[in-house]
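Residue numbers (my numbering), protein chains in the order written: chain B, 500 to 800; chain E, 74 to 536.
It is possible that part of the hints are untrue.
What the hints assert, rightly or not - List of simulated lysine-lysine pairs, PhoX-like, C-alpha gap at most 25 Å:
id: 1; chain 1: B; residue 1: K649; chain 2: E; residue 2: K137
id: 2; chain 1: B; residue 1: K692; chain 2: E; residue 2: K406
id: 3; chain 1: B; residue 1: K686; chain 2: E; residue 2: K137
id: 4; chain 1: B; residue 1: K692; chain 2: B; residue 2: K797
id: 5; chain 1: E; residue 1: K401; chain 2: B; residue 2: K780
id: 6; chain 1: B; residue 1: K724; chain 2: E; residue 2: K450
id: 7; chain 1: E; residue 1: K509; chain 2: B; residue 2: K601
id: 8; chain 1: E; residue 1: K487; chain 2: E; residue 2: K406
id: 9; chain 1: B; residue 1: K686; chain 2: E; residue 2: K126
id: 10; chain 1: E; residue 1: K515; chain 2: E; residue 2: K267
id: 11; chain 1: B; residue 1: K601; chain 2: E; residue 2: K217
id: 12; chain 1: B; residue 1: K742; chain 2: B; residue 2: K766
id: 13; chain 1: E; residue 1: K439; chain 2: E; residue 2: K509
id: 14; chain 1: E; residue 1: K406; chain 2: B; residue 2: K724
id: 15; chain 1: E; residue 1: K110; chain 2: E; residue 2: K267
id: 16; chain 1: B; residue 1: K686; chain 2: B; residue 2: K717
id: 17; chain 1: E; residue 1: K406; chain 2: E; residue 2: K267
id: 18; chain 1: B; residue 1: K621; chain 2: B; residue 2: K742
id: 19; chain 1: B; residue 1: K649; chain 2: B; residue 2: K621
id: 20; chain 1: E; residue 1: K515; chain 2: E; residue 2: K439
id: 21; chain 1: B; residue 1: K621; chain 2: B; residue 2: K685
id: 22; chain 1: B; residue 1: K797; chain 2: B; residue 2: K766
id: 23; chain 1: B; residue 1: K685; chain 2: E; residue 2: K126
id: 24; chain 1: B; residue 1: K724; chain 2: E; residue 2: K401
id: 25; chain 1: B; residue 1: K698; chain 2: B; residue 2: K649
id: 26; chain 1: B; residue 1: K601; chain 2: B; residue 2: K649
id: 27; chain 1: E; residue 1: K439; chain 2: B; residue 2: K601
id: 28; chain 1: B; residue 1: K765; chain 2: B; residue 2: K717
id: 29; chain 1: B; residue 1: K765; chain 2: E; residue 2: K217
id: 30; chain 1: E; residue 1: K254; chain 2: B; residue 2: K766
id: 31; chain 1: B; residue 1: K685; chain 2: E; residue 2: K401
id: 32; chain 1: B; residue 1: K692; chain 2: B; residue 2: K724
id: 33; chain 1: B; residue 1: K724; chain 2: B; residue 2: K685
id: 34; chain 1: B; residue 1: K766; chain 2: B; residue 2: K621
id: 35; chain 1: E; residue 1: K439; chain 2: E; residue 2: K401
id: 36; chain 1: B; residue 1: K686; chain 2: B; residue 2: K724
id: 37; chain 1: B; residue 1: K717; chain 2: B; residue 2: K797
Stated by the list, open to error - Sample of chain B residues lacking proximity to chain E, with all beta carbon distances greater than 12 Å (derived):
id: 38; residue: N527
id: 39; residue: N599
id: 40; residue: V624
Treat the hints as calculated values from the structure; they're not laboratory data. Just so you know, even glycine gets a beta-carbon here, dropped at the ideal spot from N, CA and C.
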Amino acid sequence: MFNWLITKIGLAVVLFSLCANAAYAQINVFACEPEWAALTQQLGGTAVKVFSATTSQQDPHHIQARPSLIARVRRADLLVCTGADLEVGWLPLLLRKSGNGKILPGQRGHFMAADQVALLEKPAVLDRSLGDIHAAGNPHIHFDPRRMQKIASALSQRLIIIDPANSALYQQNQQDFTQQWQQALKKWQQTAKALHGTKIVVSHNSWVYLEQWLGLIKVATLEPKPGIPPSSAHLSTVLTQLKRNPAAMILTASYQNNQAARWLEKKTAIPSIELAFGPAKNETLVQWFEQIVELLVKVRA
Amino acid sequence: MHKALLAAAITATIFNSAMAFADSETETIRQQLDALKKDYEQRIQALEVRLLKAEENTQQANTKVQEIEHTLAQNNVSKKASFGQNNFNPAINVILDGQSANFDNDPEDYELPGFALGPESGLGEKGFSVGHTELAMSANIDDKFYGKLTIAVAEHEGATEIELEEAYIQTLGLGHGLTVKGGRFFSEIGYLNKQHSHSWDFADAPLIYRGLFGNQLIDDGLQISYVAPTDTFLQLGAELLSGHRFPAGGRTNGVGAWTLFVDLGGDIGIEHSWQLGLSHWRANDIEDRQSGGHGHEESEVETPSFSGDSRVNAVEFVYKWAPNGNPKNQNFKIQMEYFDRRETGDVTMLNSGPPVETTGYDGHQKGWYAQATYKFKPQWQLGLRHDRLSSNNTGSDADVLGEAGLDNEGHRPKRVSLALDWLPGEFSRVRLQFNKDDSYEKSDSQFLLQYTMSLGSHGAHQF
């Protein structure tokens with residue numbers, strides 16, 4: 500019975516895989532986070548088929564190498580991820596299990612956004628007692644639109660290398676993106692002038708690039724150490740500090756537990772806001788950024 | 074009258090000429106004024122243009138400065154080239170594991186009626202003890218191969234034993250979904266078997282793993298696996314194994330055991346994921362597989378030895394749920410496995426007789442466990458597990474069978490376990506576990522307090 504079943508399944512698989520190979524035109528892209536999915540979709544247009552491994556509701560540090568992800572990596576022509584150890588718990592495992600040579604480190608199909616730009620907060624000392632720190636620096640680079648522009652140019656070049664037949668399309672898309680992005684950037688910088696010097700409290704240290712870009716000043720972090728949930732002792736310290744030296748808002752990422760932020764909001768009347776950590780499905784980067792800037796300005800006013 | 078007329082005429086003339094004179098002078102002044110105005114307008118216009126240009130220049134300069142500042146900021150944190158012999162060190166990871174155990178019964182009396190226990194299948198020691206301390210090193214060897222070494226150090230009956238747990242190489246990017254692994258590795262049979270014991274949700278192995286494999290099936294050989302190019306995960310694989318190690322044994326050349334496995338898996342929406350696996354293990358012509366039988370035995374004491382054929386079929390099912398697909402804060406898991414082993418051959422009691430006690434043997438052993446874990450807070454997890462075994466072994470000599478521990482004594486082993494885990498961070502865990510253990514007739518209550526910590530490189534988040 501058992502052997503019979505295995506034979507049957509084996510046969511089914513062979514037939515199935517033969518059929519699956521027939522439809523092969525678009526470039527299969529495996530994006531680790533939704534921001535890279537949105538960027539690749541915009542730069543690749545109709546020539547790419549993009550799969551996002553996570554949504555903005557999922558913490559990209561803590562994803563498991565699920566069977567469905569292995570299956571997706573197996574067929575990917577291009578991997579677009581953050582890098583800088585953000586996906587260290589699951590991406591290496593996916594790469595090893597997928598048996599796909601095209602997307603291994605050093606190959607054309609392996610694109611890490613963090614390799615294209617310089618990172619902030621590279622720690623001088625690597626010690627786990629400091630929490631979950633990243634040796635290469637803070638990986639949440641997608642909150643800096645200037646870095647995003649650089650990454651977009653590099654990604655566009657990569658698409659041309661992988662799929663030279665569609666290079667005209669990629670070049671056109673990149674020009675359109677750059678024009679749109681620069682225009683939007685000017686507008687955001689104008690709108691966000693009011694935010695310069697605003698004091699903020701953050702749940703996790705995930706906003707350094709946004710802080711740098713908009714001139715926000717981080718006065719406290721709810722996590723005592725990166726990746727360690729806020730303790731009541733630490734929260735009461737933050738509370739006393741904020742009573743003496745108040746901040747304008749508390750920022751939490753959409754995938755983070757916002758209990759501590761809500762508690763602090765009640766105690767201090769400082770508004771707590773939850774920012775989408777990446778674009779939603781079918782949302783473009785411009786739309787997503789616009790929302791964030793508008794929400795920040797609105798809460799500040 | 075005439076005089077008056079003349080005077081009037083003269084006056085008029087003078088006046089008129091005076092007026093004419095005055096008119097021409099105003100005209101000149103006006104012209105001069107106009108010229109002046111024009112001149113000033115032109116100058117103002119020129120000034121305005123220059124001002125505008127100056128403003129533009131300032132703005133440009135400002136943007137430039139901003140850009141330069143940004144580039145400078147980037148350069149300040151950019152990578153520095155480094156030199157040294159240790160740049161290519163492999164990823165090194167150490168697992169520290171220890172426990173304090175309390176058993177109502179004497180752990181030396183432990184047995185599983187109907188199952189001949191292999192090495193390392195006991196309960197361990199009462200009181201404080203250090204468990205499996207592991208040292209693992211792994212790295213990409215080059216662009217074609219990945220390698221991993223795991224050394225386990227454990228205390229066994231007063232002696233420190235070093236065990237080579239894993240030592241394998243694996244192909245990287247062979248393409249077409251193929252991967253080949255060679256060396257010593259955890260067999261792909263079952264679900265828990267391919268995981269390190271420290272990543273299990275309970276401090277001890279399920280009873281069926283203890284009864285069939287001596288906790289875990291490790292062997293030397295070759296594994297080939299294929300992932301199909303489908304949206305639903307589908308993996309097929311086979312292993313050719315030496316068959317030197319329990320529960321095979323004795324073969325010195327060729328392939329002593331082999332396995333086949335199929336895994337299916339996928340997601341349902343964003344929050345649910347599942348995996349279903351079937352596997353088969355087979356060892357023909359096993360020679361002299363020794364096991365413990367009743368209690369602990371010295372070498373001079375009678376030891377059961379099995380020779381013959383053995384085959385195991387296994388089914389595994391895992392289902393996981395996490396709100397929004399984000400397992401960090403909360404998640405739930407159900408896991409079930411079923412194993413069925415059939416063996417035919419002979420069982421001989423070594424060091425017995427003369428005459429040597431021996432019996433024909435026809436064994437059928439099976440069992441399952443089901444467990445659920447619920448991480449209800451980022452740092453807390455609760456687990457519940459239920460184990461059940463049964464066996465139906467027959468032989469030509471029932472007495473020898475009984476001596477070898479293969480008679481089920483009319484008992485069906487079962488166990489219920491409850492575990493509470495505290496997870497301070499991603500790399501540490503403290504666990505309190507309680508077992509109501511009915512492995513054999515005398516029911517046992519077991520308390521375990523265990524810590525498992527990981528130092529060094531970041532471990533993998535396995536499904």
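Does the alpha-carbon distance linking K692 (chain B) and K406 (chain E) stay inside the 25 Å limit? 48 Å, violated
Is the Cα-Cα distance between K765 (chain B) and K217 (chain E) 25 Å or less? Roughly 56 Å separates the two Cα atoms, so the pair is violated.
Is it true that the CA of K686 (chain B) sits at most 25 Å from the CA of K137 (chain E)? Status holds; Cα separation ~18 Å.
When you check the alpha-carbon spacing of K254 (chain E) and K766 (chain B), does it fall within 25 Å? Roughly 57 Å between the alpha carbons, so the hint for K254 (chain E) and K766 (chain B) is violated.
If you draw a straight line from the CA of K487 (chain E) to the CA of K406 (chain E), is it 25 Å or shorter? 22 Å, holds
Can the restraint linking K766 (chain B) and K621 (chain B) be considered satisfied, given a maximum Cα separation of 25 Å? 34 Å, violated
Hey, K110 (chain E) versus K267 (chain E), does the alpha-carbon distance stay inside 25 Å? Violated, because 95 Å separates the two Cα atoms, which is more than 25 Å.
Given pair status - K766 (chain B), K742 (chain B), alpha carbons within 25 Å: 10 Å, holds
Decide if the proposed pair is consistent with the structure: K724 (chain B) and K685 (chain B), CA atoms, cutoff 25 Å inclusive. 35 Å, violated
For the pair supplied as a hint, K686 (chain B) and K724 (chain B), confirm whether the alpha-carbon distance does not exceed 25 Å. 35 Å, violated
Does K401 (chain E) sit within 25 Å of K439 (chain E), going by the straight-line distance between their CA atoms? 36 Å, violated
Would you check the hint for K724 (chain B) and K450 (chain E), treating anything up to 25 Å between C-alpha atoms as holding? 18 Å, holds
In this structure, the earlier hints numbered 2, 7, 10, 14, 15, 18, 21, 25, 27, 29, 30, 31, 32, 33, 34, 35, 36, 38 and 39 are contradicted, and the remaining ones agree with it.
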